[in-house]
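Following the hints, complete the assembly by docking chain L onto the known chain P.
The residues making up each chain are set out below.
There are 2 protein chains.
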Amino acid sequence: MKAVIVTVGTELLFGQTVDTNAVYLSQRLQLLGIDVMYRHTVGDNPARLRRILELSYDDCDLVICTGGLGPTQDDLTKEVVCEALGDVLIRHEETVEELNAFFKKLERPMTENNLRQAMLPSKALVFANHHGSAPGFVLENDGRTAICLPGPPREMKPMFEESAAPYLKTRSNATIYYRLIRTFGIGESMLETKISDLIDAQTDPTLATYAKEGECSIRIASKRNTMEEAKQAVADMLSVLRERIGEYIFSDDDEELAAVAVKKLIEGGISISCAESCTGGMFAQRLTDIPGVSAVFDRGFVTYSNNAKIEQLGVSPDTIEKYGAVSEETAREMVRGVKSVSGSRLAIAATGIAGPEGGTDEKPVGLVYIAGALDDREVCKRILLRGGSRGRIRVHAVLNMLFMVLKLIGEPASGNASRA
Amino acid sequence: MKAVIVTVGTELLFGQTVDTNAVYLSQRLQLLGIDVMYRHTVGDNPARLRRILELSYDDCDLVICTGGLGPTQDDLTKEVVCEALGDVLIRHEETVEELNAFFKKLERPMTENNLRQAMLPSKALVFANHHGSAPGFVLENDGRTAICLPGPPREMKPMFEESAAPYLKTRSNATIYYRLIRTFGIGESMLETKISDLIDAQTDPTLATYAKEGECSIRIASKRNTMEEAKQAVADMLSVLRERIGEYIFSDDDEELAAVAVKKLIEGGISISCAESCTGGMFAQRLTDIPGVSAVFDRGFVTYSNNAKIEQLGVSPDTIEKYGAVSEETAREMVRGVKSVSGSRLAIAATGIAGPEGGTDEKPVGLVYIAGALDDREVCKRILLRGGSRGRIRVHAVLNMLFMVLKLIGEPASGNASRA
Numbered sequence: 006m007k008a009v010i011v012t013v014g015t016e017l018l019f020g021q022t023v024d025t026n027a028v029y030l031s032q033r034l035q036l037l038g039i040d041v042m043y044r045h046t047v048g049d050n051p052a053r054l055r056r057i058l059e060l061s062y063d064d065c066d067l068v069i070c071t072g073g074l075g076p077t078q079d080d081l082t083k084e085v086v087c088e089a090l091g092d093v094l095i096r097h098e099e100t101v102e103e104l105n106a107f108f109k110k111l112e113r114p115m116t117e118n119n120l121r122q123a124m125l126p127s128k129a130l131v132f133a134n135h136h137g138s139a140p141g142f143v144l145e146n147d148g149r150t151a152i153c154l155p156g157p158p159r160e161m162k163p164m165f166e167e168s169a170a171p172y173l174k175t176r177s178n179a180t181i182y183y184r185l186i187r188t189f190g191i192g193e194s195m196l197e198t199k200i201s202d203l204i205d206a207q208t209d210p211t212l213a214t215y216a217k218e219g220e221c222s223i224r225i226a227s228k229r230n231t232m233e234e235a236k237q238a239v240a241d242m243l244s245v246l247r248e249r250i251g252e253y254i255f256s257d258d259d260e261e262l263a264a265v266a267v268k269k270l271i272e273g274g275i276s277i278s279c280a281e282s283c284t285g286g287m288f289a290q291r292l293t294d295i296p297g298v299s300a301v302f303d304r305g306f307v308t309y310s311n312n313a314k315i316e317q318l319g320v321s322p323d324t325i326e327k328y329g330a331v332s333e334e335t336a337r338e339m340v341r342g343v344k345s346v347s348g349s350r351l352a353i354a355a356t357g358i359a360g361p362e363g364g365t366d367e368k369p370v371g372l373v374y375i376a377g378a379l380d381d382r383e384v385c386k387r388i389l390l391r392g393g394s395r396g397r398i399r400v401h402a403v404l405n406m407l408f409m410v411l412k413l414i415g416e417p418a419s420g421n422a423s424r425a
Numbered sequence: 006m007k008a009v010i011v012t013v014g015t016e017l018l019f020g021q022t023v024d025t026n027a028v029y030l031s032q033r034l035q036l037l038g039i040d041v042m043y044r045h046t047v048g049d050n051p052a053r054l055r056r057i058l059e060l061s062y063d064d065c066d067l068v069i070c071t072g073g074l075g076p077t078q079d080d081l082t083k084e085v086v087c088e089a090l091g092d093v094l095i096r097h098e099e100t101v102e103e104l105n106a107f108f109k110k111l112e113r114p115m116t117e118n119n120l121r122q123a124m125l126p127s128k129a130l131v132f133a134n135h136h137g138s139a140p141g142f143v144l145e146n147d148g149r150t151a152i153c154l155p156g157p158p159r160e161m162k163p164m165f166e167e168s169a170a171p172y173l174k175t176r177s178n179a180t181i182y183y184r185l186i187r188t189f190g191i192g193e194s195m196l197e198t199k200i201s202d203l204i205d206a207q208t209d210p211t212l213a214t215y216a217k218e219g220e221c222s223i224r225i226a227s228k229r230n231t232m233e234e235a236k237q238a239v240a241d242m243l244s245v246l247r248e249r250i251g252e253y254i255f256s257d258d259d260e261e262l263a264a265v266a267v268k269k270l271i272e273g274g275i276s277i278s279c280a281e282s283c284t285g286g287m288f289a290q291r292l293t294d295i296p297g298v299s300a301v302f303d304r305g306f307v308t309y310s311n312n313a314k315i316e317q318l319g320v321s322p323d324t325i326e327k328y329g330a331v332s333e334e335t336a337r338e339m340v341r342g343v344k345s346v347s348g349s350r351l352a353i354a355a356t357g358i359a360g361p362e363g364g365t366d367e368k369p370v371g372l373v374y375i376a377g378a379l380d381d382r383e384v385c386k387r388i389l390l391r392g393g394s395r396g397r398i399r400v401h402a403v404l405n406m407l408f409m410v411l412k413l414i415g416e417p418a419s420g421n422a423s424r425a
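If you read the protein sequences in the order shown, they are chains P and L.
The first sequence stops at residue 425 when you use the numbering used here, and every number in between is there.
The second sequence stops at residue 425 when you use the numbering used here, and every number in between is there.
Because the hints were derived from the structure by calculation, they are not lab data.
If you're wondering where the values come from, they're calculated on a predicted model, not measured in any experiment.
Fair warning: there could be bad hints in the mix.
Pairs count within a copy or across copies, as identical chains cannot be separated in the list.
Think about it this way: if two alpha-carbon atoms lie no more than 25 Å apart in a straight line, the pair counts; the simulated BS3-like pairs of lysine-lysine are [what the hints assert, rightly or not]:
no.	residue 1	residue 2
1	K386	K268
2	K110	K368
3	K128	K386
4	K217	K162
5	K268	K217
Bound conformation, chain P alone:
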């Protein structure tokens, strides 16, 4: 099936509202095995919408419209779609009842213009709106299919999932299953090199890699006749990937690094505290984004000044003098200080140069030392992100800190301090 996505609304053309519907529908249709040929945005203008529909049905069979289903005069999507598919609008009594119930629940009177929303194409399959007032619908005629959904994403997305997606599945012969595998610590080109034979040989499942903010994701997708077959094919491919690049995989179910770290800390009953210099609280912020983290997170220190490092963490002034605040020695003393002050089993510390100023030839902007300790095991890692902005350097450092937490928990304890 070849599809066109049309988003309707003058506010979209002004750029006031970001069109998140278009991206959402693109992704969802692709997973349903439907090819998207065009995306269009038009204002609340019937003539232009009519021209777009004509263009669309020239070489596509499905048009999905969002927006323009509301109660006001400029909501004209239904009229235009109805006309293009040779149908007429009639009053849909079930929707009238639902509108009455909707406004009663809100304790607001229903104005006359709200009844416009109950005027629907006579041959349409109506989609109820459980998060707003305007219903959606699908209409088919002579090889042309139109699906109309409301504009607000909080109404559109649930209606797509509850009504449009099940309808589209009945129209598609194939079943698609996919998983998003997330990796850290390996660049996209290196990742592709390690699995290039799998990518080159792919028929089904297919593999696609995506780079994202210091991470790489791999999408494994399988299109089979039954869901069981598709799931099995994806599971088999995942086993192969685990053999090749298992050490970099932190989630096989599209979880954030921080969420996985907090989950493992809670599972292991491991308390954690941290000290941050260049990351300025971002590590603690990411951890505490996750609900339930209070079971394991004790405290964090943002020791931005040298005095703070010395006074809060007991870093030796001599160490800072001799090796600098950005050094392996200082990072290690910071992490030991966190552990001793907080009593947490796991501690993480980072010190670096986020820029844009403050870099030297020897210690350039982007250099960060990360130290971690779990019980009696201590590690330290030097990372360098050349050419990154202040923001990217900080995020990159925080992701490395989170990954270090996972590695510390995952690796067997040993009696010796080791160097990663």
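Structure of chain L alone, referenced to chain P:
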């Protein structure tokens, strides 16, 4: 001038890449006084791009394309645009030289296909690319104008500002000047009420309000014959707004709250430290996002556990026992602790319930106490964001903390501790 925006790239139709170019161009064109009639996205497919161009020039004079200018076989925008405007591609020697210089600087060999990027329409005005390799251009013929820009936003945006916007200004008779005023602490509906007479009576300048993550912005725009007149009209309106709602305005030039706070701290030579419970490091993170903050930011404490509050900040266990960790009393003891431990002139502390668990009838999710102190002045504020997510509650608290920093700096010092 009526315009169409066309973004080219199969990856956009998959929804892998969010089309930020379309929103950016929509906003920029509106400010230049150019009406956007349609936005289209097509894959790397010359036939479909051709059809979109035909449709566009039926009722518009300007088409702006992004993407498809690169060195590979599927980059076909130039060819199709050139054909639609009756021109031919020729080798642009200046671009060849620039490509040679570009690759020399990267210390990479220039492959033959990179020279495709130097093939440009014979009658085009070429736009140099200072952030990548593919140049852009504008081409005019017989009332049709096409502007082609590269796809990557970090190349497209500077090229638009440096080359396309100046060109478009020469084509437009009107001059538009605007300023974005940012306010905090007043809801959008209250803001509109306070300036509704100005909004209702507006001809020029125009006023538009936007709500955003706990803040409200007001755009003042004026379209006049000269820039001088437009600037004066905007300045006059800004004076009126300052009289009405001056206490809520923190920037008249679209700056972030954190950036304004850091600027004022640096100007005043005021050192700052903080203690955070529910915000978990986000306040420190926002401050340290701003380059140069190390001149004033000393340290931060993420005192998530009660023990951390007691041990790091000297909060009394009795206070926590009697009033709870989320209370005005605890917030005030936290801020006094920060001041005394750090020695900073300004201190900010927050304690609250970010949820989703942990709320009670008396202390619901969304309740946050924020305490601030500058020299011998101390304030404390209770905020409550009902029905917010964990993320929104935390952001709302951090914005209130930043606004408190501004208020503390802005208000005259007094000898008494006051209650805000």
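Hint check:
| no. | hint | result |
| --- | --- | --- |
| 1 | K386 / K268 | within (23 Å within a copy, 34 Å between copies) |
| 2 | K110 / K368 | between (61 Å within a copy, 23 Å between copies) |
| 3 | K128 / K386 | neither (64 Å within a copy, 55 Å between copies) |
| 4 | K217 / K162 | both (23 Å within a copy, 21 Å between copies) |
| 5 | K268 / K217 | within (22 Å within a copy, 32 Å between copies) |
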